[in-house]
Amino acid sequence: MGAGRRAVNPPGARPARGRPALLMDLGGVLVADKLPAAAAKWAARLGRSERDIVTAVYAGNDTEVLVGRMSGAAWWSVVRARLGLDSAAVAELRHDLAGDPVWDTALLDAVAALRGRARTAFVSNAWPDARPNLAPHLPVADAVVLSCEVGFAKPDPRIYTHTLDLLGAAAGDALFVDDVPENVEAARALGMAGHLHTGTAGSLAALEAFTARLPQVTDL
Numbered sequence: 151m152g153a154g155r156r157a158v159n160p161p162g163a164r165p166a167r168g169r170p171a172l173l174m175d176l177g178g179v180l181v182a183d184k185l186p187a188a189a190a191k192w193a194a195r196l197g198r199s200e201r202d203i204v205t206a207v208y209a210g211n212d213t214e215v216l217v218g219r220m221s222g223a224a225w226w227s228v229v230r231a232r233l234g235l236d237s238a239a240v241a242e243l244r245h246d247l248a249g250d251p252v253w254d255t256a257l258l259d260a261v262a263a264l265r266g267r268a269r270t271a272f273v274s275n276a277w278p279d280a281r282p283n284l285a286p287h288l289p290v291a292d293a294v295v296l297s298c299e300v301g302f303a304k305p306d307p308r309i310y311t312h313t314l315d316l317l318g319a320a321a322g323d324a325l326f327v328d329d330v331p332e333n334v335e336a337a338r339a340l341g342m343a344g345h346l347h348t349g350t351a352g353s354l355a356a357l358e359a360f361t362a363r364l365p366q367v368t369d370l
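In this text, residue positions in the sequence shown follow this note's numbering: the first is 151, and each later residue adds one.
Don't read these hints as lab results, they were simulated from the structure.
Don't take every hint at face value.
Unchecked claim - Label pairs and their calculated CB-CB ranges:
no., residue 1, residue 2, range
1, Arg230, Gly168, 44 to 54 Å
2, Leu288, Asp183, 24 to 34 Å
3, Gly222, Ala362, 37 to 47 Å
4, Gly197, Gly322, 15 to 25 Å
5, Gly234, Ala256, 38 to 48 Å
Glycine included, C-beta positions come from ideal geometry on N, C-alpha and C.
Input sequences plus hints: build the corresponding full structure.
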């Protein structure tokens, strides 16, 4: 804490154990998941199943583009070959999946409201073009950790511990929010509180419960 400032708790409140932290996923939580609509559109257009589209776009990406071992452009060349698309169609598919991201403003505002009371991080399994695409709202968090930049992806424990280190927080003082059960379980295994996102209302309630534990004033 900075000199001359200390945490202030209301009477009867539990003292903060350490630096509190919130780790929150992006795609499917803070940013709307466009995959279902895109898969349906391209399945109809190409006369293939939605599963075929998802497989063509993502099969094998966990060990390649998602962890920074391949560029986004190189990976889209793979997808292009798998689906037999021309350059214009690939550009359209890319936009359908990630263009014009739609943010959950209620959740985003809740994260912003934690500034000065808790350290916050967005933690996402993401391809190399994610940061510029999401740039307008990334400064809301104190840290942004993308799998393609750090070389490991959720549920690998290293992405969680790396983020906690960046925030200067202990697992026992952190809440992790994600829409993938395996990712939440991995966070819990490290000692974090975990919330499985199934909708805005439930995640807002989890953030409210987390906020209720925090000191009224802190210098983070």
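Next on the checklist: Of the numbered hints stated earlier in the document, which are not met by this structure?
Outcome noted: Of the numbered hints, 2 and 4 do not hold.
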